[in-house]
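2 protein chains.
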Amino acid sequence: MKELNIGICGLGTVGSGVFDVLSSNSRIMFEKSSCEINIVHIATRSDNHSCDVGDIQYSKDVFQVAKDPNVDLVVELIGGTDVAFELVMLAISNKKHVVTANKALIAEFGSIILEAAMKADVNVAFEASVAGGIPVLKGIREGLVANKINWLAGIINGTTNFILSEMSVRKTPFEVILAEAQSKGYAEADPTFDVEGIDASQKLAILASLSFGIPLSVSEFFVEGITSILLEDVSFAKELGFTIKHIGICREINGRLEARVHPALIPDSSLLAHVNGVSNAVMVNSDAVDTTLFYGPGAGSKATASSVIADIIDVAKSRESACFSSLGYPIDRLKRKDIMNIEDIECGFYIRFVALDKAGVLSEITTIMANASVSIESIIQRDHVSKIDHVNVVIITSKIKHSTLDPVVKKIKKLKNVVDEIVLIRVEHLDQ
Amino acid sequence: MKELNIGICGLGTVGSGVFDVLSSNSRIMFEKSSCEINIVHIATRSDNHSCDVGDIQYSKDVFQVAKDPNVDLVVELIGGTDVAFELVMLAISNKKHVVTANKALIAEFGSIILEAAMKADVNVAFEASVAGGIPVLKGIREGLVANKINWLAGIINGTTNFILSEMSVRKTPFEVILAEAQSKGYAEADPTFDVEGIDASQKLAILASLSFGIPLSVSEFFVEGITSILLEDVSFAKELGFTIKHIGICREINGRLEARVHPALIPDSSLLAHVNGVSNAVMVNSDAVDTTLFYGPGAGSKATASSVIADIIDVAKSRESACFSSLGYPIDRLKRKDIMNIEDIECGFYIRFVALDKAGVLSEITTIMANASVSIESIIQRDHVSKIDHVNVVIITSKIKHSTLDPVVKKIKKLKNVVDEIVLIRVEHLDQ
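Protein sequence lines, in the order shown, are assigned to chains Y and Z. First residue of the first sequence: 6, per the numbering used here; consecutive thereafter. First residue of the second sequence: 6, per the numbering used here; consecutive thereafter.
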């Protein structure tokens with residue numbers, strides 16, 4: 006039997022989930038793992054929680070947990086990156102293992118934290134920081150250990166996926182769904198972090214480091230949110246056999262990396278197109294296995310707690326053996342790779358604009374595209390719902406660099422029959 | 006650094022994949038895991054393989070590998086259950102770890118093997134035995150360790166999924182697709198093992214033991230294949246918003262277990278309905294996380310090799326710590342649970358029959374069903390393609406025990422306006 010004494014810092018959504026699941030499922034966990042996990046210290050800065058902590062030692066100062074000689078492992082669930090960073094570093098310097106669900110902390114300070122952990126010979130684990138309850142970091146790190154990862158593409162933000170799913174199913178615009186998501190608690194009062202893609206970029210940083218052995222960093226990633234996605238584009242995409250999803254993609258091409266977060270048209274033949282609501286899914290393509298997908302809830306109190314506890318049990322089991330690396334690669338073997346500029350990345354493009362319904366418009370446009378060697382995969386023209394004598398023109402191109410497409414778009418924009426802005430959304434076939 | 010000397014028995018499809026992936030990806034695996042895996046002995050009963058074994062010790066007698074003092078771990082990839090069982094037991098008695106991809110061996114003799122392994126303090130791992138390259142056993146055992154599993158449902162046989170997918174997409178009958186699958190190598194010359202569900206039942210036995218802590222056994226499972234699935238039922242199901250899939254289901258209800266393998270209508274809103282071709286997927290519902298899904302290739306040389314190697318690395322890493330249990334539960338904690346009779350299991354039913362196109366037929370049938378308190382969720386009536394004055398009647402019922410439905414079906418069958426046999430396929434909403 007292995008025994009591990011843990012201290013929990015923070016009893017918010019995830020913290021109370023960890024407390025509840027550890028309490029209710031302790032017997033089944035012991036039966037499966039032969040590990041006994043004892044909560045010996047709890048600290049919260051606010052008394053506003055519903056857990057019955059009984060006679061477990063309780064502090065208002067989270068640093069007391071990191072200093073407690075009875076604690077073997079500190080569970081950091083206070084969030085943020087200031088106090089959390091200090092707390093984690095203190096725990097490590099006191100030779101305590103750390104488990105955290107804090108993606109911002111790991112994406113931003115992961116390299117410093119993991120280096121300190123390696124020197125102190127303790128483990129820092131963060132399965133819950135990406136895709137909530139889905140054991141995807143473990144799946145890539147251990148299940149796919151024999152593989153060279155070619156690419157991964159993930160729906161890794163539940164809020165944006167909920168909004169896009171509802172827009173598609175209920176044919177309701179972004180603003181209305183966002184307001185609903187806020188009232189249901191699926192979106193924050195200030196939704197910037199989610200809808201602008203920042204949350205997804207932090208998770209992608211962790212997935213990219215784990216999969217491609219690069220240092221943790223989001224700074225060079227291209228990041229675009231979903232605030233400009235219009236209902237009509239969701240509908241046109243559907244008509245053409247695609248679903249618009251907000252995804253994070255990372256792909257290695259000749260030693261360089263694509264790393265980007267943005268909305269994209271995904272073909273309906275891909276499982277990713279059918280991942281709806283607040284669910285998350287990560288698709289991984291690797292050289293031996295080819296394509297796998299890990300699906301499940303990306304957030305939620307007990308789902309996230311499940312991943313936190315899985316990490317705790319892994320630490321309990323690996324205590325006597327050498328330190329395991331949560332990144333797959335040991336921190337001193339990570340190597341920087343050149344992150345490609347978004348202009349140089351090839352993908353398909355969805356182009357939509359409003360034109361006057363006159364003879365010759367399509368011919369003008371297709372000539373411009375042909376002259377620039379841009380191949381067209383599909384093109385549709387539809388009467389505009391609200392503007393008489395106007396049509397929507399929708400084009401899907403073959404794979405092309407944005408830098409090649411950009412001058413073409415500028416030329417189309419200047420045509421006197423083309424009115425309004427040009428909508429441009431990437432298309433990902435996920436097949437190479 | 007950890008070093009492990011392995012001996013490979015069998016260089017068929019999977020064996021040569023293991024040899025190739027270990028050779029080509031040894032550097033990346035070492036970088037990730039700090040484990041060095043050395044192939045020190047290879048044995049094949051036939052010389053018919055394409056691996057360049059160089060100066061690795063080579064035997065025609067697989068038992069030489071299990072006796073070789075230089076071998077720490079025996080990789081059993083010869084298949085079958087006779088020699089393979091002897092080989093594995095000999096390896097264990099010589100204190101060697103074992104990794105195998107042999108589902109029949111584990112489903113049938115797993116309990117004996119794992120008990121011997123526990124006594125000898127060695128590991129026996131078999132990730133590749135279920136769902137090929139998908140790390141689903143690890144996902145359930147370790148990723149979901151904090152959870153009580155409620156149910157799981159899996160597409161765990163690539164051959165049947167390929168046949169059903171092609172029948173649906175190409176509107177081509179079973180026999181034609183089976184012949185094609187045989188010529189492409191997706192189905193064996195004698196396809197019984199796959200199309201009658203035997204292969205899936207062995208995999209379900211492993212998943213059930215891992216998820217519900219029961220001893221390994223297939224003997225009490227209800228098993229039905231896909232040979233009687235007609236093209237018209239695939240089409241009617243589609244029209245009603247379902248896809249017919251061959252699935253293995255295991256679910257705990259009040260301490261008793263459902264465990265069954267059969268074709269079922271899956272709602273198109275479920276990701277499982279979109280798993281096509283030879284792919285596999287296992288959906289797991291558990292108390293903390295709710296529903297997760299693990300998707301990927303269920304077979305193939307390198308995909309299966311990926312799982313075999315992941316097991317080898319896990320063994321290499323856990324050598325100094327106590328023996329890990331591949332079943333999640335230690336073998337001495339497994340407990341028998343009552344397996345429910347198929348008659349007592351509740352699910353929806355798809356019922357189709359041909360009736361004479363006369364007034365009052367539907368009313369007769371719905372009256373019989375109402376009298377037996379069978380609720381109807383949908384009902385459609387369509388002209389029969391080839392029989393004039395005949396109609397197809399298709400009914401989907403709410404959840405009901407087969408024992409309640411059976412007398413109703415018998416009554417309908419006796420009606421003088423109902424001709425031919427009655428088709429009955431289960432419907433699984435996968436939501437509870």
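Since the hints were made in silico from the structure, they are not lab data. Take the hints with a grain of salt, since some may be wrong.
All copies of an identical chain are treated as equivalent in the list; a pair is satisfied when it fits inside any one copy or across any two copies.
The calculated lysine-lysine pairs, modelled on BS3-like cross-linking and capped at a C-alpha distance of 30 Å, are [claimed, not checked]:
id, residue 1, residue 2
1, 419, 406
2, 404, 342
3, 421, 153
4, 7, 100
5, 153, 419
6, 65, 363
7, 189, 342
8, 176, 243
9, 342, 153
10, 340, 363
11, 243, 124
12, 124, 7
13, 7, 342
14, 7, 340
15, 153, 189
16, 7, 153
17, 153, 243
18, 418, 406
19, 363, 416
20, 419, 392
21, 153, 124
Hint check:
no. : hint      : verdict
1   : 419 x 406 : within (21 Å within a copy, 67 Å between copies)
2   : 404 x 342 : within (23 Å within a copy, 55 Å between copies)
3   : 421 x 153 : neither (50 Å within a copy, 64 Å between copies)
4   : 7 x 100   : both (18 Å within a copy, 24 Å between copies)
5   : 153 x 419 : neither (46 Å within a copy, 62 Å between copies)
6   : 65 x 363  : neither (71 Å within a copy, 78 Å between copies)
7   : 189 x 342 : neither (41 Å within a copy, 41 Å between copies)
8   : 176 x 243 : both (11 Å within a copy, 24 Å between copies)
9   : 342 x 153 : within (15 Å within a copy, 41 Å between copies)
10  : 340 x 363 : neither (56 Å within a copy, 76 Å between copies)
11  : 243 x 124 : neither (52 Å within a copy, 58 Å between copies)
12  : 124 x 7   : both (24 Å within a copy, 19 Å between copies)
13  : 7 x 342   : between (40 Å within a copy, 27 Å between copies)
14  : 7 x 340   : between (35 Å within a copy, 22 Å between copies)
15  : 153 x 189 : between (41 Å within a copy, 28 Å between copies)
16  : 7 x 153   : between (34 Å within a copy, 20 Å between copies)
17  : 153 x 243 : neither (34 Å within a copy, 38 Å between copies)
18  : 418 x 406 : within (19 Å within a copy, 64 Å between copies)
19  : 363 x 416 : within (18 Å within a copy, 66 Å between copies)
20  : 419 x 392 : within (20 Å within a copy, 62 Å between copies)
21  : 153 x 124 : within (28 Å within a copy, 36 Å between copies)
Going down the numbered hints, you'll see the structure goes against 3, 5, 6, 7, 10, 11 and 17, while the others check out.
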